Amino acid sequence: MATFTERMGPVLLFWLGLCLSGTWAVDKGNFKTCDQSAFCKRQRAITPGESPYRALLETMELTNTKLTLQLINDNNKVRLLLELYRLQGNITRVKINELKPLKPRYEVPDVLIREPPTEPLSLLSQDENGVVLSLGAESQRVIVSARPFRLDIVEGRDVLMSLNSRGLLGFEHLRMRKDTFSYKVTSTVASVWDNIKRVFSSQADPEADNKEATDPPSQVETTKEEEEKVEDGMWEETFKSHTDSKPNGPSAVSLDFSLPGVEHVYGIPEHADTLKLKTTDSGDPYRLYNLDVFQYELYNPMALYGSVPVMLAHNAQRTTGIFWLNAAETWVDISSNTAGKTVFGKMLDYVQGSSETPQTDVRWISESGIIDVFLMLGPTPREVFSQYASLTGTQAFPPLASLGYHQCRWNYNDQEDVRAVDAGFDEHDIPYDFIWLDIEHTDGKRYFTWDPHKFASPKEMLQGLMDKKRKMVAIVDPHIKVDTNYKIHNEIRSRGFYIKNKDGADYEGWCWPGSAGYPDFTRPDMRAWWAGQFAYDQYEGSMENLYTWNDMNEPSVFNGPEVTMHKDALHGSWEHRDVHNLYGFYVQMATAQGLIERSGGVERPFVLTRAFFAGSQRLGAVWTGDNAAEWDHLKISIPMCLSLGLVGISFCGADVGGFFKSPSSELLVRWYQTGAYQPFFRAHAHLDTPRREPWLFGPENTALIREAVRQRYTFLPYWYQLFYHAYQTGEPVMRPLWVEYPQDPATFALDDEFLLGRDLLVHPVTEEGARGVTAYLPGKDEVWFDIHTFQKHNGVQNLYIPVTMSSIPVFQRGGSIIPRKLRVRRSSACMEDDPYTLYVALDNRRTAEGELYIDDGHTFNFEKREFILRKFSFTNNVLSSVNLEPDAQFTTKSWVERIIILGASKPSKITLRTSDDQENQLEFDFDASMSVLTIRKPGMNVGADWTVTLQ
Amino acid sequence: MIMFGHFVLLLALFGGAMTVEVLRPRGVPLSKRQFYEENKPFTCLDGTRTIPFDRINDDYCDCPDGSDEPGTAACPNGNFHCTNAGFRPGFIPSSRVNDGICDCCDTTDEYNSGADCQNTCRELGRKEKEELQKIAEIAKEGFMLKKQLIQEAKQGLEEKKSKLGDVQNSKKDLEANVEALRTVKETAEKPEKEAKERHLKAWEEQKAAIRMEKDKARTAEVFLELDDDSDGFVSVAELQSHPELDPDSDGSFTEAEAQGLLGGVDQVDTVAFETVWNNIKEKYVSESNADVPPPGETPQEETQDTTSDNDSENYPDEDIPEEEDNDDEEDDEDDDMDDGDYKAPPTMRTDEKKDEDDEGPMPPYDQETQALIDAAQKARDEFNEAEKSLREVEDQIRNLEKEISFDFGPSSEFAYLYSQCYELTTSEYVYRLCPFNKVSQKPKFGGSETSLGMWGKWAGPEDNIYSVMKYEHGTGCWQGPNRSTTVKLTCGKETIVTSTSEPSRCEYLMEFTSPAICQDPSSIDSGHPDHEEL
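Order-wise, the sequence lines are chains H and D.
Counting along the first sequence from 1, when you hit position 601 you're at 589 in the numbering used here, and nothing is skipped either side.
Counting along the second sequence from 1, when you hit position 153 you're at 176 in the numbering used here, and nothing is skipped either side.
Chain H with its partners taken away, still in its complex shape:
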């Protein structure tokens, strides 16, 4: 589009300013370091040592649901209130707030799916040094030490986790500003008044002095507090040309956690970094602050588009998690007493019997809000997932079609272009389910509209796709063009739904449409209104096969500080500072709600978001933002999605091919091969890159891409079942090896391979010019079958696999049964009634089991128990299918066309027995070289009970 330059002149200029300052890499100068973020610098300046905080044990109250206790900071006498809860499912919640804050401090709403149910706490012992409480039935206790204040969670003789053990608890109480005239007047009057009161009260009430000692915050303490020094950046902070006015002054909170025995911590996405988090002593902490980072750089702790403040800690004995529920800018420091040691050093320790146990120490620092932290005590990875899911919910169960392949580009130019690309997939016989439209489809970046020339008849276009059982996604971003001829803008403005600037006027920033307002999605009434805009009679040109993509929802503000919103902008009485990391979560929430409502609550939504927070898993899919066509970006897609999966967000993918720049055909093919085995499988490309539809790289590459996409489609039943499982349990679909092999330290840092569910191990080729890869096959009793050659490999081993351009090293675990649909159609919907092939991979005990989930693929009727859940098991040479949910009802036309048993021996006869007690002999074929038994066309309905007996 040549028009880009002309039309987007001002934006372009701005982008030029943003982007041309350097090379391809991110301009780090646009984003703050900890030192440039005043609160981070202040809090990080606190060094380990004795904490000034003391628990006032005499204030302790223990009710059935919680323990409360006051803490006092001996330096300034400010009192805090500690609340400690024992939550169902082995979770301990610790809340710390000011006892009497000057004004309320922000507590994050809407992220927890409910007020977490509690379990009773009981007091085990108490003396002047502290108290010991029992955490339920297990031998877990929490020890509250009084002076200095610290918390230790202990199981048996092991300390699982300690809080404030390094004395880094920091809580900046809200205060009056003292360097201004108004403050001085107030404080002077106040102190005079205090004195008067004191004089009078001591006459009238002889107990007053006594009372002061216990009645916080007494005036004496307040006076003392006022003597604290004012530092730069407490009341105002300037970064580049942007000044943050900070009318509420300093308000940061921070706390340290010690994890004895832990050397591996994970999570706190989103960062373009390894799966195993690194120590941060020598650089910046990991930062959580949703930002639109132009051309982000890999392997560093800089903030990216989304934030999930959840960290998992793992060792061979136990997995635990820390969920820091705070939506303000957050930094996480990690240090370890073993990090600096070489393997030799560790060995020396071992030989010399060094008593020092490995330990990881973590410190969380947030700019505002309160401390509200959930300690998820495992002990297994699965239990941590379930504990986190009990707090924030599970992965939304996506429509089946959204697990297919997505074809995206910025931009498909017009309806003819869409038609031609759609036809291209048919011509080249490559399946796909969704074609996407980026911002150029709108009328001048006014979302919910269509360009009147390029997309003059959207319904015709959507009908054309529907005729092929395909779907479309159109982008709807949260920035709204300020234009009095734009209905959406006028309504938002007249309803007062825009976020306000610090002076109370509608906040305006610069984004794709030019000057734009940002609706306040933190308001339930705003979200309800927004959801209503997706109704078919509101969103002109929309149809039921049109879904939505929320981009730029960090929010991205081209001319804002760090390309986002000013922190002193106002969401009602709260500052943007308090809610920043929640904005994208709410945008997706309102959008998903809109898609549900437009169908009268029948259809499952599909919404992709770039920004996210804890709980976003309930709302749809995320992708890793604007990556680049580079091999390292292909590699990093694995740890980035693994990290998201660990904190509940399973529906993750990276732009296949890379967004910026142009991939070589080799990189593109490898990316398709990798993406085909990652949850969200979408190709996307920048406006300025050459076209890259799968057939534009010569017949050979087209064939390679076709094969990769087809493999994806054959596994759709497995993907669907994994997502159903994720929806039920919160377990990640794409998971690190250590989740399944938690006692094998060799798996703890692996992030060039991964598991899908338990049963597929994927080691994609991510090296340019690779001749082979080495895959780690875990499990000393496991066997693994190459899904292409059926060759069997034993675990544990590092297996070298020679590769060609067509190789995608994937292994099925012996002991598993994976149902697949080998008939590849144009789209997933065309496969609905197709028959299944069961891949039965036998383990060393010659057994296997697996599940199959089937429903209509797109509605919420599964909640009304309209589905099929079968369990297949193979033991004693009998393969059987039983109904796991007998009271669920659904019928399918699909049948079993083939059973392939890997690691089998040759039977003499195979008999099928169906539920009506009919017996049939089945034909089969046995490949002795690979021990593969193929049973031909058993033909029974996949929803029925049956057994197949090998003799």
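Calculated from the structure, these hints are not laboratory results.
Treat the hints with care, since some could be wrong.
[Claimed, not checked] Examples of chain H residues toward chain D, derived with CB under 8 Å:
#1 N401
#2 D439
#3 V812
#4 C818
#5 V920
#6 R924
[To be verified] Below, a list of computed lysine-lysine pairs in the DSS-like style, where the Cα atoms sit at most 27 Å apart:
#7 D/K63 / H/K456
#8 D/K411 / D/K195
#9 D/K480 / D/K177
#10 D/K304 / H/K925
#11 D/K465 / D/K480
#12 D/K411 / D/K194
#13 D/K150 / H/K447
#14 H/K29 / H/K264
#15 D/K411 / D/K184
#16 H/K228 / H/K217
#17 H/K457 / H/K475
#18 D/K493 / H/K649
[Stated by the list, open to error] Footprint (simulated), chain H over chain D, 3 or more residues, beta carbon under 8 Å:
#19 95 to 109
#20 117 to 125
#21 296 to 307
This one's a predicted model, so the numbers in the text were calculated from it and none came from an experiment.
Think of the CB as a built atom: it goes at the ideal place given N, C-alpha and C, for glycine as much as any other residue.
Take the given structure of chain H and dock chain D to it, following the hints.
Frame of chain H, contents of chain D only:
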């Protein structure tokens, strides 16, 4: 599980008269019927294995090449044949059988999916026939035009070749002419130069004399000014009354210093003062100036204006660029004239006068010199004129040679496009295609033109290289490549740009019709459907 009929009964029209029944497995084309013999074992078409006949189209894939399941979706690589009676028969991938989407116009692919398909073959056949007829008509007329174009191109080429010969001849004459005139010019310029130098030298001498006179008068004037007591001598004390003359400018003008200025004596007379004056000239401030009246009064300004020596420094700065501007304009206007100042010394413009000393303008050349200048100028003009003509002829030759050697197609049928331009106006832009030259885009409502590429090459497929033109190296794109345009040519009676698009960023596509690409209708299949079935 559902078993489908293996066979379909197909009714086909044969030769328009006879009706035959052709029985064969679903999805098998007539041409391959022989391989599917009823109730006999079937050997996969790739020869890999032989299976019982009842396994053909039994919805299970037995043959690696998919040949046992043409009529079901069981094999990933099968092909289903649609007869499409009334339209063109064709193959679809077997994976599209019973997928709920109507692919064959005769609906035979959706025999068990419940899809509501309508037989549209006849309608399609009719439309296609009409379409093909239309195309054939266009091709016929287009081809006639093309023959004409070829004829014209042939003629044009010959004309150009003969013109080239003519022009090459005239070039030789012109070259000789230029050389002759160069000699004449050089001969005339020598005396001109000498005469002008003489004139200038005389004027310089005259100016020096005038300047000396003036200096003397000034010395006397200053002497009188300094000689306060009018005793005919300037004394140390009198000199000291002018503090600006203090040699070390330290604020105290001592007697010794004044004495130093007077050459070591206490006083000097008018004669000795001449030497002294030379030393103090730079610093001396006239007494009439020292008594400064309040600013803004006209008389003072006038005085200042007439004060000679300081004047050049007092020029207002802003005058300077203005002057340069004037000069530029003058230069532009004078472009056609030559560099020599052959006329009488140019009349000074008012603002330039200030630059001149009081000596006044240079007097006009004497008659003899002026005559020499005029003669030289005439020689120069004639030489330049001749050289210009030669250059023009050389350009002409280059252009002709380029055009003659240009690849205008096998019979030069595209030659008529040369030096033509064709426009297409869209909602936003005016696109302009100048074949063999360039493509550009200009916003409809103001804005500058953007180059979408300069002529690159013919870029069609090997068997039809003249069907596509490629224009390259247009204006660069931000963070992207230089703009380029692919022009696709199709047969048409008229020469027009029918559409433009930008399929990929900064890569444009233009559709262009021209009779020159039309093919002989007799050489192409008249477009009758391939009647393999009948």
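So, going through the hints one by one against the coordinates:
1. N401: Holds. Min distance 7 Å.
2. D439: violated (10 Å)
3. V812: Status holds, d = 6 Å.
4. C818: At about 4 Å, which falls below the 8 Å cut-off, the nearest Cβ of chain D leaves the hint on H/C818 intact, so it holds.
5. V920: It is violated, given that the least Cβ distance between H/V920 and chain D is near 15 Å, above 8 Å.
6. R924: holds (7 Å)
7. D/K63 / H/K456: The given pair, whose Cα atoms are some 38 Å apart, is violated under the 27 Å limit.
8. D/K411 / D/K195: It holds: about 14 Å lies between the C-alpha atoms, which stays within 27 Å.
9. D/K480 / D/K177: holds (22 Å)
10. D/K304 / H/K925: violated (122 Å)
11. D/K465 / D/K480: holds (23 Å)
12. D/K411 / D/K194: holds (12 Å)
13. D/K150 / H/K447: This hinted pair holds, its Cα atoms lying about 25 Å apart.
14. H/K29 / H/K264: holds (25 Å)
15. D/K411 / D/K184: holds (23 Å)
16. H/K228 / H/K217: OK: H/K228 and H/K217 at ~25 Å, within 27 Å.
17. H/K457 / H/K475: Not satisfied, since the Cα-Cα distance of roughly 32 Å exceeds 27 Å.
18. D/K493 / H/K649: Holds. D/K493 to H/K649 sits at ~24 Å (cutoff 27 Å).
19. 95 to 109: Since three or more residues must qualify, the claim that chain H covers the region 95 to 109 of chain D holds, with 3 doing so at under 8 Å.
20. 117 to 125: holds (count 5)
21. 296 to 307: violated (count 0)
Checked against the numbered hints above, the structure breaks hints 2, 5, 7, 10, 17 and 21 and satisfies the rest.
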